[in-house]
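J.: Residue-level listing of the chains:
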Amino acid sequence: MTNKQVLGLCRDADTTARAVEALEKKGFSGNEYEILTAIPYPEGTFGEKPGKHRLYIFPFIGALCGFSAALLLTIGTQLFPPLVTGGKPILSIPPMILIMFEGTMLGAILFTVIGVIFESRLYGPKLGLYDRRITEGFIGLLITDSPERITEAEQIMVGAGIADFKHSLTSKDNK
Amino acid sequence: METENNITEKQLHKDLLAPVFGFSRRFWIAAGVLSLVLLAAGLGFTWMLIKGLGVTGLNRPVMWGFMITNFVFWVGISHAGVMISSILRLSRAEWRLPLTRAAEVLTLMALFTAALHPIIHSGRPWRTMYWAFPYDFSREIWPNIRSPLIWDVSAIFTYLISSTLFVYIALIPDLAIVRDRASGIFRSIYGALALGWRGTNRQWQLHGIVSVLLAALILPVFVSVHSIVSWDFAAVTSVEGWHSTIFAPYFVAGAIHSGVSAVVVVMALMRWFYGWNNYLRPEHFDAIGKLLIAIALGWFYFFSMEFIFGLYSLEGPEIALRNMQIFQPPWSIFSIVFLLTAFFIPVSLLLFRRVRRNILAMFFLGITVNIGMWLERFLIIVPGLARKTPFTFDWGTYRPSIAEIGIVTGSFGLVFLGLLIFAKIFPLVPISDQKEGQAFKGEIQIGRVKIKTTLRD
Amino acid sequence: MPDNTTPAKTEYRSALAPTHIQPMNKAGKRFWLAVGLLAIVFSMGVAGFIWRWQSGWDDRPAWGYYAATFSFLLSTAQTAPLISAGLRLVAGPWRRPLARPAELFAFVGILNILWFIPLLKVVPDTQHRRSIWFDSPISFQIWETIALAVLISCGLCLLYMASMPDIAAKVGKAPGKQGFPVPLGLSWRGNPHQWRILKLGLVVLGAGYIIFLIFQQTIFASDFGLSLVPGWKDALFPAYHIVSSLQAGTALLTVSLFLLRQWGGLKDYIGLDTFKGLGRLLLVLTLLWFYFWWSSFIVLWYGRRPEEQLLLQLFVSGPIRPLFTLVLILNFVLPFLLLLWSPIRKSIAGPVIVSVFILSGTLLDRIRLFTTAFSVTESGEVIKTLPPTRVPDTADIFILMGGLAGMALTYLVATRLLPVLSYWEITQGKILESEKQIGLRKVKMVAKPE
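Chains as they are written, first to last, in our numbering: chain X, 1188 to 1362; chain L, 133 to 589; chain Y, -10 to 439.
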């Protein structure tokens, strides 16, 4: 069965929080609704549970990759061919440390950015069901579910005080 | 007296997005003037390409002059962004919010401009390019990683990439705001840049985490960049006045000093140019002025130590160099101007609240500091080289040529033109941060006094 | 703007009553036991000093451990008040519980200045060696003494001024008990004028303490370190000494707060937030420690000057290498790796354990630097040979232990003389906090008066 989406819009955090509470009481889980805001609200404002993510792994992997690449580069360029410059040993550790440090940090930062794009699901310009008024300060409560549940969700949201809605037929893109 | 007003969201969008969605006459005039300034660099550079490095004032033993001074200067200015954005974010200084993006963009433009200088300085930049790309192995002699000049390349490259990504990640929510207001092809372009940002809870949560994470990761890079640039000089034993262990923190402190002062200048210009009086208020200038006092004092400590320990060993060549810097014109005049403009005048004036809250005064103080800091780098580089050799008949002097003056002047045009173009395309004041600050500000009443509160999550 | 927040509550939590700091009123058995033990160890230190005195003032290498102990006390106890003064200017609410415990370390300055006097006899005048005083007609000993005296006075004034409101309120005294026989609270009444003067005074004295400490550490590191070794021209060494002191001072403060929390009955006042803030500060200072050491090392290493290579052998890579390696591990590697890990940094035990490593590392570092500098007896332009590494004898061990015990003993005495927490600052913090309801969440709001 094709899922439907409904986006409820209101200006008030309390109303949205009430709607989320009511939805959860009726068995809607965190996977079925999403809250869209123009600013970051403190965690738990709408009763949502903090999402699990693996963002912290990315900088570590990136740092390791950067470190390894820099280590290979520095060892390789010093050994092929081995030329003594400035009276320093062939494998000069202090300069290697500097370049390995830069490589490590670059790797960590690059992978962190890749990680946030991946974990935030920022895959591309397609927005799905969305309303431009969200960036004007409205709070959007987006439900994705079967058509029967969507109707129920909409009634719950009306009961909580949300009056403005947008619909889509499928859960695919709908500008 | 200006106070923080309750600005409606509509007004906020109108004010901060006006440069993005409209072309004003002021923009065209500014772009025209800055392009002319940049043209000076173009002409100087072209003349140098045609006639060779001989048209510069460089000659044995002073092989580094205006262009390298300018390189170090712009690397220093590039420290503004991370200072304002990262350090103040990690220390939770809320007043930094309107300044962060401008400071970060100043970093990018300054770093890019700085990176151009060694390429221009090489005289035949195409040779530099095909020596560096691909990473040279054709003659089986790789770039020497033991050289501080190669450390420079790795540090500046890392810092440039990191700063760019830092700016971009912070910009994403604002790109979504612009996307939602744009139309036609611009909507698609901003939409693509915004990567489909919708403002979900997960996106905001991760955005917050990554902002702190990137701020923490970029800080060591920020310290390492100017330290590595300083080791271009400190690692050298043959030039008097260079081989000092204090150069790294001395340069970093100087970079922060000149960078933050440059941010003050940019803040004043933003306020006047765009009419952002509600967003860049006297209290922001007051806060950054206090920060400048602390930074200036730290910088002065390092300068004093560098000077005292320069004389400490009582080595003849070192004493001769300091003698030249302090007592022989024109170096003595430069030294006096440097000390007055970099430290004594700004710090004495910044102690007064009235001065810190006066935008015009802060603007001129910012320029004053940067004049001093430019001279500082000049006085480190050129006098030492002029007295480099042990034989006095080999001592040299340096007089900058028109080409070099043009290149240096044009670099200022490049940086400010870059800032202007950025402000044309992207919001220069972080709109989401402003909205967040407005939404979560509060007040408590204690007795008859109301005090503003901020969120501590 | 969406008007979706409820107005901030205007009530504030009730201020702390002076009797809330009750646990510090009584000096229990544990306190007297600690005092007794520390007094015994301190007297061993005095015995060690007398023993060392017998070897004479001219045997400079023999006084290396004595100098290292003084430097350690300077770097830890005398730097702790700076942490409070600096944080008062910039940091948030978490710094309030640590203000008084940090400032109480100013008392250790009294021990320090007494400890310092013999060192003035040991170190030769600057006639035949390089010095930052060049040909100053005023002897370096006078500069050193004045600088240390001014620093200690400033610290004690800062402590006294910051304690005045609490002394006047008889904080820490049981109800009915009088405070000092001498009215040390002066005529403090707490009117707005007095508070304004107090705040200005704390800023001025705090800034002054920072400046004086930086000056004093700079000249100490130069006169008792750099200038004793011919050819040791390291402009960064004084700054390294300062940064290392900041790290060690913060570590000492962290450990002291933990002990006060556990054994002083102050668990309700010294909470996780304070240790989180200290953990972050320790991480930054650990990175700075390495940065300052590395900046010095890379320039000397790269230059390849023979005299500088010998200096590197003297302090880093020669016979001193095992000690240096240990210092690097304790002051950088372990603290960095542990504090990088968020669950450790944001706990109470984490920063405390790291602080113990840092304090041990700093003590070894001071031994490395000052015993080595004191063991160089060559004169001339540059050092030509490596002096033998001095292994501590019994007198040296007694001196080291006595110094540490003396510091702890002085601090314990100070906690009996003045309230151990800054009651007025903690109360002020409570008043400035409020809560706000946003949706389903209550968030903390903090006011920052101008």
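If you are wondering where the hints come from, they were derived from the structure by calculation, not from laboratory data.
Please note that the accuracy of each hint is not assured.
[What the hints assert, rightly or not] Straight-line Cα separation of at most 30 Å, DSBU-like style, residue types lysine-lysine; simulated pairs:
#1 Y:K425 x X:K1239
#2 Y:K431 x X:K1239
#3 L:K573 x X:K1313
#4 L:K584 x Y:K425
#5 Y:K419 x Y:K433
#6 L:K582 x Y:K433
#7 L:K573 x Y:K18
#8 L:K573 x Y:K419
#9 Y:K188 x L:K582
#10 Y:K373 x X:K1275
#11 L:K573 x Y:K373
#12 Y:K265 x L:K584
#13 X:K1212 x Y:K431
#14 Y:K437 x X:K1212
#15 L:K582 x Y:K425
#16 L:K582 x Y:K373
#17 X:K1213 x Y:K373
#18 Y:K431 x L:K573
#19 X:K1236 x Y:K373
#20 Y:K265 x L:K573
#21 L:K142 x Y:K335
#22 Y:K425 x X:K1236
#23 Y:K433 x L:K422
#24 L:K582 x Y:K419
#25 X:K1236 x Y:K188
#26 Y:K188 x X:K1212
#27 L:K146 x Y:K419
#28 L:K584 x Y:K373
#29 X:K1236 x Y:K110
[What the hints assert, rightly or not] Pairwise CB distance ranges (calculated):
#30 Y:E367 x L:A426: 38 to 46 Å
#31 Y:I29 x X:G1273: 27 to 35 Å
#32 X:L1259 x Y:K373: 39 to 47 Å
#33 L:A426 x Y:V322: 27 to 35 Å
#34 L:F289 x X:T1338: 51 to 59 Å
#35 X:T1338 x L:T586: 50 to 58 Å
#36 Y:T134 x L:R486: 39 to 47 Å
#37 L:W404 x Y:Q130: 52 to 60 Å
#38 Y:D124 x L:S436: 46 to 54 Å
Quick caveat: nothing in here was measured; it's all calculated off a predicted structure.
Beta carbons: idealized from backbone N, C-alpha and C, even for Gly.
J.: Looking back at the numbered hints, which does the structure fail to meet, lowest number first?
T.: Structure breaks hints 3, 7, 11, 14, 16, 17, 19, 21, 25, 26, 27, 28, 29, 31, 35 and 38.
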